[in-house]
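Visitor: Go ahead and model the full structure; you've got the sequences and the hints to work with.
Using this note's numbering, the first residue of the first sequence is number 494, and each one after it goes up by one.
Treat the hints as calculated values from the structure; they're not laboratory data.
Quick caveat: nothing in here was measured; it's all calculated off a predicted structure.
Even glycine gets a Cβ: it sits at the ideal position worked out from N, Cα and C.
Do not rely on the hints blindly, as some may be mistaken.
Taking lysine-lysine pairs in the DSS-like style, the calculated list, with each CA pair at most 27 Å apart, reads [what the hints assert, rightly or not]:
hint: 1; residue 1: Lys514; residue 2: Lys550
hint: 2; residue 1: Lys877; residue 2: Lys823
hint: 3; residue 1: Lys514; residue 2: Lys982
hint: 4; residue 1: Lys842; residue 2: Lys500
hint: 5; residue 1: Lys500; residue 2: Lys982
hint: 6; residue 1: Lys790; residue 2: Lys728
hint: 7; residue 1: Lys728; residue 2: Lys515
hint: 8; residue 1: Lys627; residue 2: Lys744
hint: 9; residue 1: Lys903; residue 2: Lys849
hint: 10; residue 1: Lys573; residue 2: Lys982
hint: 11; residue 1: Lys728; residue 2: Lys838
hint: 12; residue 1: Lys514; residue 2: Lys838
hint: 13; residue 1: Lys946; residue 2: Lys982
hint: 14; residue 1: Lys515; residue 2: Lys923
hint: 15; residue 1: Lys540; residue 2: Lys823
hint: 16; residue 1: Lys728; residue 2: Lys976
hint: 17; residue 1: Lys972; residue 2: Lys927
hint: 18; residue 1: Lys877; residue 2: Lys923
hint: 19; residue 1: Lys823; residue 2: Lys842
hint: 20; residue 1: Lys849; residue 2: Lys830
hint: 21; residue 1: Lys744; residue 2: Lys728
hint: 22; residue 1: Lys500; residue 2: Lys903
hint: 23; residue 1: Lys838; residue 2: Lys823
Taking CB as the label site, the calculated pair distances span [said to hold, decoys possible]:
hint: 24; residue 1: His587; residue 2: Ala536; range: 35 to 43 Å
hint: 25; residue 1: Pro839; residue 2: Asn556; range: 40 to 48 Å
hint: 26; residue 1: Glu605; residue 2: Tyr533; range: 54 to 62 Å
hint: 27; residue 1: Glu539; residue 2: Glu572; range: 43 to 51 Å
hint: 28; residue 1: Gln825; residue 2: Leu608; range: 33 to 41 Å
hint: 29; residue 1: Val529; residue 2: Gln825; range: 32 to 40 Å
hint: 30; residue 1: Glu503; residue 2: Asp832; range: 25 to 33 Å
hint: 31; residue 1: Val529; residue 2: Asn812; range: 31 to 39 Å
hint: 32; residue 1: Pro594; residue 2: Leu561; range: 30 to 38 Å
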Amino acid sequence: MSKGLPKRSEDYSGWYNELVKKADLAENSAVKGCMVIKPYGFAIWEKMQQQLDQMFKETGHENAYFPLFVPKNLFEAEEKNAEGFAKECAVVTHYRLKNDPETKGKLIVDPEAKLEEELVVRPTSEAVIWNTYKNWIQSYRDLPILVNQWANVVRWEMRTRIFLRTAEFLWQEGHTAHATRQEAMDETTQMLDIYAQFAEEYMGVSVVQGIKTENERFAGAEETFCIEAMMQDGKALQAGTSHFLGQNFAKAFDVKFSNSEGKLDHVWGTSWGVSTRLMGALIMAHSDDDGLILPPKLAPIQVVIVPIFKGEEQLDIINEKVSEFIPLLKEQGISVKYDNRTTHKPGWKFAQYEMKGVPIRLAIGPKDLENGTIEMARRDTKEKQTISFEEISSIIPSLLDEMQDSIYQKSLNFRMDNSTKIDDYEEFKKQIEKGGFVYAHWDGSGETEEKIKTETKATIRCIPIDGENEEGKCIYTGKPSSKRVIFAKAY
RNA sequence: CGGGGUGUAGCGCAGUCCGGUUAGCGUACCUGGUUUGGGACCAGGGGGUCGCAAGUUCGAAUCUUGCCUCCCCGACCA
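Guide: See below:
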């Protein structure tokens with residue numbers, strides 16, 4: 494492994510690509526557009542999953558699993574949804590291979606094994622799930638249905654990037670069905686809140702909650718809510734979406750129920766998801782030129798201990814000393830790794846664990862044994878301090894909390910510092926070039942949105958939910974507007 | 001999908017233009033020794049279908065054709 498990363502300031506995307514590899518998170522596979530998530534990267538994803546899963550269950554959701562394949566006739570049932578995804582679908586057309594009669598040892602697709610009904614590899618599961626819900630729902634007593642699935646999906650993207658946009662990715666998709674519009678809308682916003690809470694409290698990433706414009710809305714939804722995060726290069730990253738589906742899918746799949754008055758009505762739906770893209774957000778939001786910076790709550794290893802020693806006798810003494818306080822940390826639910834391998838030098842280990850973003854490093858050597866101390870270094874600020882053995886079990890947990898908070902504050906400050914209100918189009922163009930979120934007035938038309946996008950590459954990330962109503966003029970057309978929206982270049 | 005670049009040991013690269021000894025270098029790896037408070041040093045060693053396939057040639061990493069990967073730019077991207 495070669496040393497060092499490209500500098501963020503010189504080559505941001507090169508920095509990201511190298512970091513993903515050097516921190517052992519993931520790598521490109523032999524399959525076009527598909528990644529291999531390596532154990533260390535997957536451990537972070539598992540921590541995210543566990544936390545999200547818990548939050549879903551606390552709000553009454555259950556996990557289930559639906560098929561990977563969607564028969565084409567089901568897929569096309571909801572027209573807008575089908576149209577929106579059609580261009581990026583992988584399609585199974587045959588079910589058998591056979592030996593190539595012309596070249597020994599090669600296989601060909603057996604032309605006689607053509608499927609009568611092609612199967613679409615799910616780019617999202619609304620179709621197959623709503624087709625199933627049809628059988629599950631007869632009465633208002635069957636509602637609500639609150640189901641989530643953890644799955645993989647495939648979207649045949651033209652241009653891929655590890656974690657941010659891959660042809661196959663892992664995600665969760667919640668699909669709920671409700672008796673009333675209000676209840677479905679409440680579900681939609683509840684899940685958006687959960688995503689925002691997860692991003693901020695666990696990932697330490699500050700986000701804006703908002704509503705997508707019609708152009709950016711999920712195909713088949715009546716309204717799409719999202720959380721938008723800002724990366725260190727000032728670009729936006731959509732970190733999660735929650736869709737109010739109205740009765741669109743219920744109508745497309747004929748999902749009706751009798752209400753308490755005995756009248757038939759279509760059910761109301763929502764769907765919501767976050768994906769392995771969150772890994773990309775986590776990496777890009779916090780890390781520096783020395784490697785990954787992980788928020789303690791999602792770090793697979795929270796504390797690493799590195800012994801510094803000459804000879805086996807010294808190592809034995811350190812081993813013994815360390816074994817005294819490791820249980821005190823583990824008791825408190827802290828994950829600790831003691832790396833007393835003799836195959837690598839301390840300096841090498843320091844650099845490695847910095848690359849991998851381990852929040853706290855403890856180093857203990859002969860000097861410390863003499864003084865009854867240990868050197869404690871925090872990854873985010875690189876600060877080191879010497880503490881006594883007695884203090885370890887009390888200082889570490891509070892430092893982890895402090896780091897979690899400080900990482901979030903830094904992200905929040907960064908977003909604030911790079912958010913500007915602008916009312917002049919020329920100035921707008923300059924600011925978009927610089928990066929960050931630009932709050933500007935917009936006349937509400939898709940046409941204007943499209944023109945601004947063509948001229949500046951900026952898209953409307955969202956109409957912020959907590960934005961104040963404020964009279965103004967559209968930055969492009971000068972037409973009246975009642976609220977600012979967020980423009981930014983996005984991943 | 002269009003334009004550009006790229007593919008040679010685990011990783012990073014040179015060699016390719018102008019075909020010709022045994023395909024090199026750094027790093028990583030293995031062995032031995034000295035080391036160990038920020039990516040150690042010395043000596044020795046192993047590892048290659050030169051992206052894949054076909055062709056030209058006495059001879060191909062090098063030339064030709066086709067295919068594929070990854071990266072950058074564009075289009076596309078709930």
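Visitor: None of the hints should be skipped; say for each whether it holds.
Guide: Now the hints, each set against the structure:
no.: 1; hint: Lys514 x Lys550; verdict: 34 Å, violated
no.: 2; hint: Lys877 x Lys823; verdict: 22 Å, holds
no.: 3; hint: Lys514 x Lys982; verdict: 25 Å, holds
no.: 4; hint: Lys842 x Lys500; verdict: 21 Å, holds
no.: 5; hint: Lys500 x Lys982; verdict: 21 Å, holds
no.: 6; hint: Lys790 x Lys728; verdict: 25 Å, holds
no.: 7; hint: Lys728 x Lys515; verdict: 23 Å, holds
no.: 8; hint: Lys627 x Lys744; verdict: 10 Å, holds
no.: 9; hint: Lys903 x Lys849; verdict: 20 Å, holds
no.: 10; hint: Lys573 x Lys982; verdict: 26 Å, holds
no.: 11; hint: Lys728 x Lys838; verdict: 39 Å, violated
no.: 12; hint: Lys514 x Lys838; verdict: 22 Å, holds
no.: 13; hint: Lys946 x Lys982; verdict: 9 Å, holds
no.: 14; hint: Lys515 x Lys923; verdict: 35 Å, violated
no.: 15; hint: Lys540 x Lys823; verdict: 17 Å, holds
no.: 16; hint: Lys728 x Lys976; verdict: 22 Å, holds
no.: 17; hint: Lys972 x Lys927; verdict: 26 Å, holds
no.: 18; hint: Lys877 x Lys923; verdict: 41 Å, violated
no.: 19; hint: Lys823 x Lys842; verdict: 22 Å, holds
no.: 20; hint: Lys849 x Lys830; verdict: 13 Å, holds
no.: 21; hint: Lys744 x Lys728; verdict: 38 Å, violated
no.: 22; hint: Lys500 x Lys903; verdict: 20 Å, holds
no.: 23; hint: Lys838 x Lys823; verdict: 26 Å, holds
no.: 24; hint: His587 x Ala536: 35 to 43 Å; verdict: 38 Å, holds
no.: 25; hint: Pro839 x Asn556: 40 to 48 Å; verdict: 44 Å, holds
no.: 26; hint: Glu605 x Tyr533: 54 to 62 Å; verdict: 46 Å, violated
no.: 27; hint: Glu539 x Glu572: 43 to 51 Å; verdict: 37 Å, violated
no.: 28; hint: Gln825 x Leu608: 33 to 41 Å; verdict: 56 Å, violated
no.: 29; hint: Val529 x Gln825: 32 to 40 Å; verdict: 34 Å, holds
no.: 30; hint: Glu503 x Asp832: 25 to 33 Å; verdict: 32 Å, holds
no.: 31; hint: Val529 x Asn812: 31 to 39 Å; verdict: 35 Å, holds
no.: 32; hint: Pro594 x Leu561: 30 to 38 Å; verdict: 31 Å, holds
Hint check: violations occur at hints 1, 11, 14, 18, 21, 26, 27, 28; the rest are consistent with the structure.
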